[in-house]
Amino acid sequence: MSAAASLPENAGAAAAEAPLLSVSDLTLHIPMPPHVLRAVDGVSFDLRRGETLGLVGESGSGKTLTALMLMRLLEPPLAALPKGRVQFGDTDLMALDEARMSALRGRAISMVFQEPMTSLNPVMTVGRQIAEPLVRHLGLSAREAAARAEEMLRLVQIPDPARVARAYPHLLSGGMRQRVMIAIALACRPAVLVADEPTTALDVTVQAQILELLGELQREMGSAILLITHDLAVIAETAHRVAVMYAGRIVEEAPVAALFAAPRHPYTRGLLASIPKIERVPAPTLPEIPGMVPGAADRPRGCAFMPRCARAVSGCAAEAPPLDPIAPGHRVACWNPANG
Amino acid sequence: MAETLLKVSGLEVHFPIRSAFLRRRIGTVRAVDGVDIEVARGETLALVGESGCGKTTTGKAILRLIDPTRGSIRFDGEEIARHGAARLAPFRRRMQIVFQDPFASLNPRMTVGGILAAPFEIHRIGTPADRPERIAALLRTVGLRPEAARRYPHEFSGGQRQRIGIARALALEPELIIGDEPVSALDVSIQAQVINLMKRLQAERGLAYIMISHNLAVVSHVADRVAVMYLGRVVETAPRETLFFGARHPYTQALLSAVPEPVPGLRRTRQVLQGDVPSPARPPTGCHFHLRCPIAQARCAQEAPAQRIIAPGHAVACHLVAP
Ligand SMILES: Nc1ncnc2c1ncn2[C@@H]1O[C@H](COP(=O)(O)OP(=O)(O)O)[C@@H](O)[C@H]1O
Ligand SMILES: Nc1ncnc2c1ncn2[C@@H]1O[C@H](COP(=O)(O)OP(=O)(O)O)[C@@H](O)[C@H]1O
Ligand code: SF4
Ligand code: SF4
Ligand SMILES: [Mg+2]
Ligand SMILES: [Mg+2]
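Protein chains in written order, with the numbering used here: chain A, 1 to 340; chain B, 341 to 663.
Each hint should be verified, as a subset may be incorrect.
Beta-carbon label-pair distances, calculated as ranges [as the list claims (entries may be wrong)]:
| no. | chain 1 | residue 1 | chain 2 | residue 2 | range |
| --- | --- | --- | --- | --- | --- |
| 1 | B | P448 | A | P77 | 51 to 57 Å |
| 2 | A | P328 | B | R639 | 45 to 51 Å |
| 3 | B | I357 | A | S59 | 33 to 39 Å |
If we take Cβ atoms under 10 Å as the criterion, some of the chain B residues that face chain A in the derived model are [stated by the list, open to error]:
| no. | residue |
| --- | --- |
| 4 | E390 |
| 5 | E515 |
| 6 | H554 |
| 7 | P604 |
Simulated coverage check for chain B against chain A, where a stretch passes if three residues somewhere in it have a Cβ under 8 Å from a Cβ of chain A [unchecked claim]:
| no. | stretch |
| --- | --- |
| 8 | 394-407 |
| 9 | 529-537 |
| 10 | 611-625 |
Worth flagging that the hints you see were computed from the coordinates, not collected in a lab.
Glycine residues also receive a C-beta, built at the ideal position from the N, C-alpha and C atoms.
Can you make the complete structure from the sequences, with help from the hints?
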């Protein structure tokens with residue numbers, strides 16, 4: 001089979017609509033005596049119908065915690081700590097009680113995790129796991145739900161769906177399990193899908209299959225996708241807009257083409273420069289970002305990137321820069337951004 | 341090509357599958373099923389392929405960390421595939437490995453100094469008195485401060501730990517280092533640091549590398565030559581540029597077309613492979629790739645294709661690829 005890379009055509013049209021999900025000032029400060037880890041530190045973004053927003057950043061930058069907060073899936077003792085708003089239609093998800101939230105979760109907004117085995121139930125057949133939200137949320141009968149489950153398996157391109165529906169997760173390959181996770185997440189046709197590193201554990205050929213599939217399902221269902229990944233190449237091929245996280249904050253946000261063509265934040269520039277690309281004549285050395293991400297104890301008061309930044313100016317140490325517009329649809333959090 | 345340092349031919353590594361009950365042998369995993377590769381002094385051969393295709397097992401068999409079932413491993417002209425411990429000892433110094441997981445591969449209860457002293461102690465090199473100086477020199481070589489010797493692995497970040505792993509591999513001044521996914525667990529900005537370090541060390545010391553990786557973009561930056569594996573066999577070997585821009589094996593082509601590129605809006609045609617890699621416990625007959633190959637013919641299911649040289653340094657194992 002041959003298929004083009006999956007960039008939906010309606011990106012421009014989607015941009016004009018009101019956001020489906022609006023995250024503002026999401027914050028999670030974790031006490032780690034004698035320090036406080038500002039794991040997520042005032043994250044704001046919008047997600048519109050039919051679009052894919054890529055949330056990219058290195059490990060530890062706060063991507064997964066951001067996702068778990070907006071899904072309201074943090075467990076104690078962290079569950080009591082989040083601050084901020086997640087506006088979904090006319091409800092603030094952060095203010096809902098668990099009963100109302102679980103009525104939305106898996107129905108209007110669902111999540112796919114990096115490691116499907118930890119989120120699939122090992123002692124329940126695949127078919128039952130897909131049918132379960134259909135019965136619970138949509139009130140389908142067991143028979144209707146079983147039939148729909150098989151249909152979902154076919155939709156995510158699992159060969160022999162009737163047989164796989166009766167199988168237990170451990171019998172499936174990594175790629176098949178991730179398809180099953182996607183089938184469960186999309187069974188109720190949610191408006192929003194949060195996918196946290198959905199292909200990171202998979203080989204490239206399987207990754208290509210899964211990304212292709214997500215793109216097709218999005219075009220068919222019109223869902224908005226928050227695609228979390230550390231892989232900028234995956235973002236380049238699948239997202240419409242990108243938000244780059246560093247040390248708990250979004251440091252730059254832009255339409256995908258603008259971000260790759262003219263990154264303004266020094267960290268984004270460094271990150272893009274350091275990705276190895278397949279070229280006829282590779283550079284003898286890869287550009288590096290010196291140093292490493294600061295830990296909770298040694299994170300500077302001002303801009304967290306300062307110890308590694310070649311453009312740092314005197315103000316950078318005192319105060320963290322706000323995420324401000326620098327061009328239409330393009331925001332950057334930097335006191336001395338690079339030229340576009 | 342420079343002088344050959346390593347020549348592996350017909351390497352096979354089979355693992356028994358035992359029943360849970362009574363541990364009887366009920367089958368065989370053909371993890372490595374006839375691998376031929378060569379590495380010249382000072383060059384980097386990359387070994388690529390999807391998980392489970394036998395890269396790690398090939399690397400461990402070359403180092404004689406696991407016993408080959410069949411085949412030949414010649415290091416610097418000497419056949420070592422069946423050497424016992426005593427005759428292997430001098431070769432253990434000359435070949436080293438750097439692992440993927442810098443967390444699992446360093447003993448958490450030893451200081452970095454202790455970890456780096458071990459190779460000298462085991463091989464009785466130098467005197468206890470000159471060890472601190474040797475260790476300090478190693479740490480400087482990989483871009484760490486000598487004071488690191490007093491600290492424990494958990495006090496370091498992933499990238500720094502990988503530097504420690506590299507320092508340990510360098511201690512005995514090997515001629516060949518096998519890197520088993522040495523940068524796969526690192527973030528891109530740190531990955532670049534470690535790749536640059538490994539390239540610098542190679543240039544300074546004339547090291548040969550076998551770089552095992554599933555990341556083709558990384559490979560394209562470090563390799564002189566590339567060998568592509570599928571289900572225990574090498575399907576294509578070529579110089580770097582030929583492999584990335586003139587691959588001939590249908591599997592290599594599919595693999596390359598699946599690699600995402602950091603260029604938005606690049607609407608290329610992608611050849612998406614169907615299905616999963618079959619299990620090496622039940623490999624397909626004939627060409628191992630025939631169940632997923634877009635151009636397979638009847639013959640492919642019956643006959644395994646031999647490697648054929650189609651251009652200097654370029655070998656392909658496919659019935660339909662002719663010079
Ligand atoms: N349950 C937890 N308790 C304490 N710290 C945590 C917990 N989960 C994550 N963290 C820390 O919060 C930071 C952000 O983590 P995470 O959101 O998982 O990052 P990412 O997904 O971007 O790799 C990291 O420094 C991580 O160590
Ligand atoms: N000790 C072992 N016993 C049984 N099977 C093994 C063992 N080690 C590896 N295998 C199997 O051999 C195949 C090749 O594994 P490996 O060499 O680790 O592949 P790669 O490094 O390319 O991912 C896999 O199917 C793996 O499950
Ligand atoms: S705010 Fe200052 S230190 Fe931070 S990225 Fe911008 S220039 Fe660099
Ligand atoms: S030998 Fe046949 S099945 Fe194997 S790669 Fe060539 S054409 Fe495809
Ligand atoms: Mg994460
Ligand atoms: Mg391996």
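Going through the hints against the structure:
1. B:P448 <-> A:P77: 51 to 57 Å: 26 Å Cβ-Cβ, so the 51 to 57 Å window is violated.
2. A:P328 <-> B:R639: 45 to 51 Å: Distance hint for P328 of chain A, R639 of chain B is violated at roughly 59 Å.
3. B:I357 <-> A:S59: 33 to 39 Å: This hint holds: roughly 35 Å between Cβ atoms.
4. E390: 4 Å, holds
5. E515: Where the cut-off is 10 Å and the nearest Cβ of chain A is about 23 Å from E515 of chain B, the hint is violated.
6. H554: For H554 of chain B, the interface hint holds, since the closest Cβ of chain A sits about 7 Å away, which is under 10 Å.
7. P604: Check passed: Cβ of P604 of chain B comes within 4 Å of chain A, closer than 10 Å.
8. 394-407: violated (count 0)
9. 529-537: holds (count 7)
10. 611-625: holds (count 7)
In terms of the numbered hints stated before, the structure departs from hints 1, 2, 5 and 8, listed from lowest to highest.
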